[in-house]
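There are 2 protein chains.
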Amino acid sequence: MKKLKGIKVAILATSGFEESELFEPKKALEENGAEVDIVAPEEGKIKAWKHGDWSRDIDVNVVVDNADVNNYDALVIPGGVINPDKLRRNEKAVKFVSSFFDLKKNVASICHGPQMLIEAGVVKDRKLTSFFSIKKDLKNAGANWVDEEVVVDNNLITSRNPDDLDVFNKTLIEKLSDIKK
Amino acid sequence: MKKLKGIKVAILATSGFEESELFEPKKALEENGAEVDIVAPEEGKIKAWKHGDWSRDIDVNVVVDNADVNNYDALVIPGGVINPDKLRRNEKAVKFVSSFFDLKKNVASICHGPQMLIEAGVVKDRKLTSFFSIKKDLKNAGANWVDEEVVVDNNLITSRNPDDLDVFNKTLIEKLSDIKK
Chain A
11 MKKLKGIKVA ILATSGFEES ELFEPKKALE ENGAEVDIVA PEEGKIKAWK HGDWSRDIDV
71 NVVVDNADVN NYDALVIPGG VINPDKLRRN EKAVKFVSSF FDLKKNVASI CHGPQMLIEA
131 GVVKDRKLTS FFSIKKDLKN AGANWVDEEV VVDNNLITSR NPDDLDVFNK TLIEKLSDIK
191 K
Chain B
11 MKKLKGIKVA ILATSGFEES ELFEPKKALE ENGAEVDIVA PEEGKIKAWK HGDWSRDIDV
71 NVVVDNADVN NYDALVIPGG VINPDKLRRN EKAVKFVSSF FDLKKNVASI CHGPQMLIEA
131 GVVKDRKLTS FFSIKKDLKN AGANWVDEEV VVDNNLITSR NPDDLDVFNK TLIEKLSDIK
191 K
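Same order as they appear, the protein sequences are chains A and B. To convert, note that position 23 of the first sequence is 33 in this note's numbering; the numbers rise steadily by one, no gaps. To convert, note that position 100 of the second sequence is 110 in this note's numbering; the numbers rise steadily by one, no gaps.
Chain A on its own, in the form it takes in the complex:
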């Protein structure tokens, strides 16, 4: 029996997500038996960003307007400079994020993804990390920002950049395995 059989995870993203920060957690979750939905503000496909330019597409499974937090055990928010800046403009996407915190469900975010956590108003007094360019924004929002490859604060898992993906994925999978115990 796979570790995460029966676990369902939403990855919230839009065009401009850092390719590895969506595809690698998705692969790691699925290999461990979890079901993953790509949730986005738009129908159809969203486009990855890689090495400073547009890259491959991925199909959107659920439009954020129709996404229901009750269907998911956890949320993953990838980075990319463009992705969370666009996501945070969408009220439904922001509400979707805050609803995971309201229900104390697990949330994992990496790189620029935590901009969405600022917008959702959930970082005050939280220990977390992010890509270093948004460190000041997170500190101004009341977060306890630290420079570590992965930070776990209750239901929140954060990492800094694509180099941290292995430990980010491992930590997320361990955390979700605990739900099942």
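Hint data in this document are derived by calculation from the structure and do not stem from the laboratory. Even glycine gets a Cβ: it sits at the ideal position worked out from N, Cα and C. One or more of the hints may lead you astray.
As the list claims (entries may be wrong) - Below, computed lysine-lysine pairings styled on BS3-like, alpha-carbon distance capped at 27 Å:
no., chain 1, residue 1, chain 2, residue 2
1, A, Lys146, B, Lys146
2, B, Lys55, B, Lys37
3, B, Lys145, A, Lys145
4, B, Lys146, B, Lys102
5, B, Lys145, A, Lys105
To be verified - A short list of chain B residues far from chain A (calculated; beta carbon distances all over 12 Å):
no., residue
6, Glu34
7, Ala38
8, Glu53
9, Gly54
10, Asn71
11, Val72
12, Asp112
13, Lys114
14, Lys180
Claimed, not checked - Between beta-carbon pairs, the in silico distance windows are:
no., chain 1, residue 1, chain 2, residue 2, range
15, A, Glu40, B, Gly131, 36 to 46 Å
16, A, Ser65, B, Lys55, 22 to 32 Å
17, B, Lys134, A, Gly131, 16 to 26 Å
18, A, Glu184, B, Glu53, 18 to 28 Å
19, A, Ser65, B, Gly152, 32 to 42 Å
Assemble chain B onto chain A, guided by the hints.
Positioned in the frame of chain A, the structure of chain B alone reads:
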């Protein structure tokens, strides 16, 4: 005699600047007789962003490591989602911005440009505007954020997006004309 003859302006940017937000202020300033330097972290050329993709290049005149605030009467910081996120990673660029505030020289910034003002620590109790996606970051940094096409607070001029460029440029040029009086 042109209005801004003898006035020298630095435009601080890097690849990913919103094309119109650099080229239009540059043109308006030069048409009024000002001299404009493109100041960037890197030598050579930097690349514009337009309609969601990479666009044309512009030559860098001065590398930020060698840029001296004393050579300039004013600073312009264009937006683009990518541009200020990259600029704020560069300590010399951030110091260059704060030095204009130290000397109470004029600074004009539009769209995502004000992310550099957060990084430079100069927005507390300032009335300003920006692209709406970074409103929360500016408020968390202590700014009095308002939704107006142009906001003037002492030496700081800010606008929201490319649609505001006409009034942004006009306000900047009036402000710089006053220096000469």
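_Could you work out which of the previously given hints the structure breaks and list their numbers from low to high?_
Going through the list in order, the structure violates hint 18 alone and respects the others.
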